[in-house]
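Undergrad: Listed below are the residues making up each chain.
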Amino acid sequence: MKLKSVLFAAAAGATLLATLAAPPAAAQAKEQFFPVLPYRTGAYAPNGVPWANGYVDYLKLINARDGGINGVKITFEECDTGYATDRGVECYERLKGKASGEIFQPLSTGITFALTSKAPSDKNVLITSGYGLSESSDGLVFKWNFPMLGTYWSGADIIMQHITKKEGGSLKGKKIALVYHDSPYGKEPIPLLQQRAKLQGYDLTLLPVAAPGVEQKATWLQIRQLRPDYVLLWGWGVMNSAAIKEAVATGYPRERMYGVWWSAGEPDVKDVGDAAKGYNGLVAFGNQGRVIDDIKKYVHGKGQGTGPIEEVGQTLYMRGMTSAVLAVESVRRAQERYGKGKVMDGEQIRWGAENLALDDKKLAALGLTGIMKPLSTSCTDHEGSRSARIHTWDGKAWQVTSDWYAADEAIIKPMVKTAAAKYASEKNVTPRTPADCQS
Amino acid sequence: MLYRENGQFKTSYRADQQIFPILQDRLAILALAAITLVGVPLFASDYLFRAILIPFAILALAALGLNILVGYCGQISLGTGAFMAVGAYAAYNFVVRVPGMPLLAALLLGGLCATAIGVAFGIPSLRIRGLYLAVATLAAQFFVEWAFLRIKWLTNDSTSGSVTVGALSVFGIPLDTPASRYLLCMALLVLFALLAKNLVRGHIGREWMAIRDMDVAAAVIGIRPVYAKLTAFAISSFIVGVAGALWAFVHLGSWEPAAFGIERSFQLLFMIIIGGLGSIMGSFLGAAFITIVPIVLNRTLPLFGNAFGVHVDTALVSHFESMLFGALIVFFLIVEPHGLARLWSTAKEKLRLWPFPH
Amino acid sequence: MGFFLETLIGGLMTGMLYSLVALGFVLIFKASGVFNFAQGSMVLFAALAMARFADWLPRWLGFDNRLLANLLAFVAAMAVMVVAAWLIERLVLAKLVNQEGITLLMATLGISYFFDGFGQTVFGNDIYKLDIGLPKDPVFLFEQAFQGGILVNKEDLYAALIAALLVAALSLFFQKTGTGRALRAVADDHQAAQSIGIPLGRIWVIVWTVAGCVALVAGIIWGSKLGVQFSLSLVALKALPVVILGGLTSVPGAILGGLVIGVGEKLSEVYIGPHLGGGIEIWFAYVVALAFLLVRPQGLFGEKIIDRV
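These protein sequence lines are chains A, B and C, in that order. Once you know that position 336 of the first sequence is 336 in our numbering, the rest is easy, because the numbers rise by one and skip nothing. Once you know that position 8 of the second sequence is 8 in our numbering, the rest is easy, because the numbers rise by one and skip nothing. Once you know that position 78 of the third sequence is 78 in our numbering, the rest is easy, because the numbers rise by one and skip nothing.
Keep in mind that the hints were calculated from the coordinates and are not lab data. Check the hints yourself; a few may be wrong.
As the list claims (entries may be wrong) - Ranges between beta-carbon positions, derived for each pair: (1) C:Ala-145 / A:Asp-229: 23 to 33 Å; (2) A:Gly-395 / C:Trp-60: 25 to 35 Å; (3) C:Gly-148 / A:Gly-395: 37 to 47 Å; (4) A:Lys-427 / B:Pro-21: 41 to 51 Å; (5) B:Val-98 / C:Ala-145: 58 to 68 Å.
What the hints assert, rightly or not - With a straight-line cut-off of 25 Å between C-alpha atoms, the simulated DSS-like cross-links for lysine-lysine are: (6) A:Lys-270 / C:Lys-30; (7) A:Lys-413 / B:Lys-197; (8) C:Lys-30 / A:Lys-277; (9) A:Lys-396 / C:Lys-176; (10) A:Lys-427 / B:Lys-348; (11) A:Lys-277 / C:Lys-154; (12) A:Lys-270 / C:Lys-95; (13) A:Lys-413 / A:Lys-30; (14) A:Lys-422 / B:Lys-152; (15) C:Lys-176 / A:Lys-277; (16) B:Lys-152 / A:Lys-417; (17) A:Lys-198 / B:Lys-152; (18) A:Lys-270 / C:Lys-154; (19) A:Lys-396 / C:Lys-136.
Claimed, not checked - Examples of chain C residues toward chain A, derived with CB under 7 Å: (20) Asp-64; (21) Pro-135; (22) Phe-230; (23) Gly-264; (24) Lys-266; (25) His-275.
From the three backbone atoms N, C-alpha and C, an ideal C-beta is built for every residue, glycine too.
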C-alpha cells in the first residue's frame, strides 16, 4: 500500500478513536436529563417502538406545554438496547455520566436485573413500571428500584381473580396453561401462579417458548391435547402475534386466552384482525383523557411527534407515556422538598420517587383523570398501586370488559418479603430499617 | 531504519527462542505494558473502563481461546457462547455454594467445568470435519442455553433464571473501582496470552497446526488426532470459560443465558477472522476492532447525520451500524483475508527497510 | 393415536418449510462451494420487499385489487433479488475467488449483517402483514375415527404444496435446461467447467438469483404464517441442521432432511418435552443432526469427503 494512503487511513482512524476518548457532554446547568433506553430494532421492536414514542412524546409535552418541570427544561437522549443485556449495560454506562442523578427505565426484565446491582452505587433510580423484579416492591431491600403501578405478581394475581370470578368463585379441578417467553420476563409470574394453584386447587401447566418465540406449533398442539380451560400468555414482541396466529390455526378459543399487559397491545392483534376477536388482556390505563389531547395539540400539532399520530392513545403508547409521567412526577416531588426550579440529583430524585402521592386532584391537574389510578409510594412499598382491568379485542379495537381489580396483598406480600430477603442475603445488601425511612 | 536487527547477536538458545527476540519489540512491549497497566488506570475515565476497556480485555481473552481452537487447530466452533456460559454459571455455583470461595479460584474452577463440557462436545470432531463440525457445535450452543434456563439447580433455584453476584474481592482487596476490575482482567489476559503463546510455540502447538493443515498426513507421521484435537478443545474451552466467568462477574454483574447467545459466538468468530486466524496478536487486534467499531459508529453517525440535516434516530443508527459493520467485514476480507495480524507483520517487514529503499 | 398423527402431519408440514429455506443453502453450496450464512437475511429481505411493495404499489399506482398488488409486488421483489444477486457476485464473490472456505463463510456473514441493516432501513422494522390469500383456519379430518378429529392446518397444506411445486420446478431446471446442466457442471468441477467455456461469473450470478428466488418463496410462505419481521431471519438457523443432515450438496437431501427434522422436532417437543420441562425444540434438531453425522459424516446424500494427502 502506498505510504500516503496508509498515513491517511491512520489519521482517519486516530480521529475516529479520539471521539471515544471525549467524555459524554454533560447536561447544561438548568436542565434535567432523562435517559431513554428503548429498543427500536430487533425482534421486540414492534412493541418497543410505541412504548418509546409515548415516553418521548410526554417529555416533549412537558417542555412544550409547561416549559419544563417548574421551569427546569427536560433534555433526553435515546440509546437503543435491542432488548440485549450487554447493550443495555453499555447504554447505561454511556448515559449515566450526563447528569448526576438519572431515572432509568430499561423496559426489559433482563436489563433490570443487571442494572439493579449497578444503580445503587451510581445513585441512579430505576423505575420499572409494570415489569422488573416482582420482589423489588419491597423498598427496604431495594432502595433504588420502583416497580410502580404493578409488578408481574400483581398482574398474574388480577388475571386469576378475574378468571375465578368468571368461574363462579372456584377453580378447583380446572386446568390453566401458561405460555411464556423463556426468559426472566416470562418466568416472573410462575411463583405466584404456583402459589395460587396450591390455594385454589387448579392444575397449572407451564409451556415455555424459546426466544424470540416465532416457533410455537408444538406448544399449541400440546395445548390442543391438554384442552386447558384457560391459557395465559406471557409473551413479548413477535411471540404474541405468533401465539394468537397459532391459536387460530389450532382452533383454541380466543375468549379463553388472557395476556399480561405486555401481550395485549395493538401490534399483537392488528395483523390477525377479526380472527383474534375475543382475546383478552390486562390493561392498567385508560386511553381517553385531557393529556392525550394535549399531546396531539402541543407535540404532534407542532410536527414534533415521535411516531405516527394514530399511535397516540394505543395500549403500549399509554404504557410508555405513563412511565414518563412517573419519572417527571418523581422529579417534581423531589423539587417540592429540595428546591423548586432546581436541577435534582440522584438521592433527591429517589426521595421523590419514594414519596409520590398522586391523588385524584393531582391527576386531574395533570390531565390524567381516567387514564391512571391514584398512586402513593412509601418507603416499604415501592409499587404504589396494584390495580388493573381486563380489555378485549373486538376485531377493530380494545374494549374494556371488566371493573378495576386490586391485586390480593394477602398472597403477594409474604412472597415479596421472602424473595427480597433471599436477594438481600445473596447480594450482601443490608435492608433498611423503618427508622431509616424518615430521611 | 529504526527497526533493524543489526548488532543484536544471540549467544544462547534461550535468547534466540525468546518471544520477542528483537530489542525494539521488547521495548515496545514494555512501553505498551506501562501504558496499559499504569498509565490507563491513572488517566482513563470511568466510562472508558466500563464500556470499552473491560469488555475489550475479556473478549480478547475469549478470542484468544477460540483462536487456539479455530486458528491453530482448524476446528471451526460456533459454540463459544455456550462455553462462556458454562464458565460463568459454574463459577457462580462455586461462589454461592462454597462459603468463602476466593474469586480467582472460582474463575479457574469455572474454566475447568467449561473444559469438561468442551471436551465432551469436542468428541464429534474426531469424526466430523469442516462446516459440518461448525453446525454440530451449534448443538452445544443451543443445548447449554436451554439447560441453564431449565435446570433450576444450576441457577441456584432462581425463579427467573437470572443470577447476580455480590461484591468482588481478590486477596482481600475489594474490586469496587472500574480501574481495579480492569487490572484484574488485564492481569489474567496477559497471563493467558503468555500461556497460549508458549503452548503454540511448543510441541503441542505444532501438533495442532499439523492437524489443521492436513490431518491425514499428520496421522500418518504419528501425531495422534484424538490427543491433538481434544487438547485443543480442552485448552480453548478453559480459556473461554474463564473469559465467560469474567464477563459475567466483572462486566455484567447480573446475567441470564441470553447474554451468551449465538450472537456472542458469531462475534468472537468475527474477531479472530478479522484479527487473523492462527495468531495471538490477531486475537487482540480483532477484539479491539469489534469492540470499538460499534461505539465509534454510534458516536459519529448522528454527527454525520446532523451535518447533512438528516435526523438520525436510534433505529437508523442501529441499522447503519449493521450495514457498515457488514460492509467493513467484507472489505477487510477482500483487502487482507489473513486479518489484521498479517497487515501488522507486513508493516513490520516494511519497517525494517524504511526509509531506505533496499 | 389421533394426536400422534396430528403431530406427525404438523411436523411434516413444518419440515417442508424448513427444506424450502435449506434449498437456498444447498443451491449456492453446490454451485460455488460457499456456505451462505446470509440465506436467512435474504429470506427476510425478500419477504420485506414483497410485503412493502404489496402495500406501496397500490398507493403509488392508484389501484385496489389485492391479487394484482400481490402479483406486481412479487415481480418487483424478484427484480430486487436479481439485482442483489448481481451485486453480491460483482462486489464480493468475484474479489474473493480462491479464498479458503472460512473466509467466504465470514464474507457471507458480513453480507447478512449488511442485508439486515439495509432491508430494515429501506423497508422498516415493524411487523408487516403478508396476505396472499391463504386460509388460516384449521380443518379437522376423520372426525369419526378419532375424537376431535385430526387437525390439519390449511395454510401449511398450501405451503407444502407450493414448496413441492418449487422443488419439482428446480429439479426440471437442473435436469432439462442448458443452464441447469451448466450449473451442475460448475458444481462438479470449477476448472473443468471453465475450460469448456462456461462463464463462471455469470453462472454464480444465476445461482445466487435462483437462491434469491427460493428465498423469496420461503419468505412469502413464512411471512404469511408469522408476519414479516426481523425474527424471520432466525428461521434460517432452523434450516442448518436440515442442511447438514441431508448433506450440503444434495437437493433431495435437503427435502428428506427437512421432513426428518420437522417431524423429529415436533414429536420430541410434544412427547419428550414435558418430561424435560419443555422448550427442547431449539436444540433437538441439532442434536439429532449431530448424532446422525457421527454415523455418516457427510450427511444422508452428501458427497463423501475425500482428502488427498
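Undergrad: Compare the structure with each hint and give your call.
TA: Results for each hint:
Distance hint for Ala-145 of chain C and Asp-229 of chain A: a CB-CB separation of about 27 Å, consistent with the stated range 23 to 33 Å. Remark: the range hint 25 to 35 Å for Gly-395 of chain A to Trp-60 of chain C is upheld by a beta-carbon distance near 29 Å. One distance hint, 37 to 47 Å for the beta-carbon pair Gly-148 of chain C and Gly-395 of chain A, is violated here, with the actual separation near 27 Å. In this structure the supplied range 41 to 51 Å holds for Lys-427 of chain A paired with Pro-21 of chain B, their Cβ-Cβ distance being about 50 Å.
For Val-98 of chain B paired with Ala-145 of chain C, a C-beta distance near 59 Å keeps the hint of 58 to 68 Å intact. Of the pairs offered as hints, the one joining Lys-270 of chain A and Lys-30 of chain C is violated, with about 42 Å between alpha carbons and a cut-off of 25 Å exceeded. At most 25 Å may separate the alpha-carbon atoms for a hinted pair to count; Lys-413 of chain A and Lys-197 of chain B exceed this at roughly 57 Å. With a CA separation close to 47 Å, the supplied pair Lys-30 of chain C and Lys-277 of chain A exceeds the 25 Å bound.
Taking the CA atoms of Lys-396 of chain A and Lys-176 of chain C, the gap is near 51 Å; set against the 25 Å cutoff, the hint is violated. Using a Cα cut-off of 25 Å, the hinted pair Lys-427 of chain A and Lys-348 of chain B is violated, with the two alpha carbons roughly 50 Å apart. Our distance criterion of 25 Å between C-alpha atoms is met by Lys-277 of chain A and Lys-154 of chain C, whose separation comes to about 20 Å. At roughly 46 Å between alpha-carbon atoms, Lys-270 of chain A and Lys-95 of chain C are farther apart than 25 Å, so this suggested pair is violated.
Note on Lys-413 of chain A and Lys-30 of chain A: the hinted pairing is violated, with a Cα-Cα distance of about 41 Å set against a maximum of 25 Å. Proposed proximity of Lys-422 of chain A and Lys-152 of chain B is supported: the alpha carbons are some 16 Å apart, at most 25 Å. Between the alpha carbons of Lys-176 of chain C and Lys-277 of chain A the distance comes to roughly 50 Å, so the proposed pair goes past 25 Å and is violated. In summary, the hint linking Lys-152 of chain B to Lys-417 of chain A is supported, as the alpha carbons are separated by about 21 Å, within the 25 Å threshold.
For the suggested pair Lys-198 of chain A and Lys-152 of chain B, the alpha carbons sit about 20 Å apart, so the restraint of at most 25 Å is met. A C-alpha spacing of about 21 Å is found between Lys-270 of chain A and Lys-154 of chain C, which places the hinted pair at or below 25 Å, so the restraint holds. Among the hinted pairs, Lys-396 of chain A with Lys-136 of chain C is consistent with the structure: their alpha-carbon atoms are about 18 Å apart, no more than 25 Å. With a cut of 7 Å, the hint placing Asp-64 of chain C at the interface with chain A is violated, because the nearest CB-to-CB distance is about 18 Å.
Annotation: Pro-135 of chain C was flagged as interfacial toward chain A, and the flag is violated, the nearest CB pair being 10 Å apart, outside 7 Å. Taken as an interface hint, Phe-230 of chain C checks out: its beta carbon lies about 5 Å from the nearest beta carbon of chain A, inside 7 Å. Contact between Gly-264 of chain C and chain A, as hinted, is not supported at the beta carbon level, the nearest pair being about 11 Å apart and thus beyond 7 Å. The interface hint given for Lys-266 of chain C holds, since its Cβ lies 5 Å from the closest Cβ of chain A, which is under the 7 Å cut-off.
At a threshold of 7 Å, the smallest CB-CB gap from His-275 of chain C to chain A is about 13 Å, leaving the interface hint violated.
Checked against the numbered hints given earlier, this structure breaks hints 3, 6, 7, 8, 9, 10, 12, 13, 15, 20, 21, 23 and 25; the rest are met.
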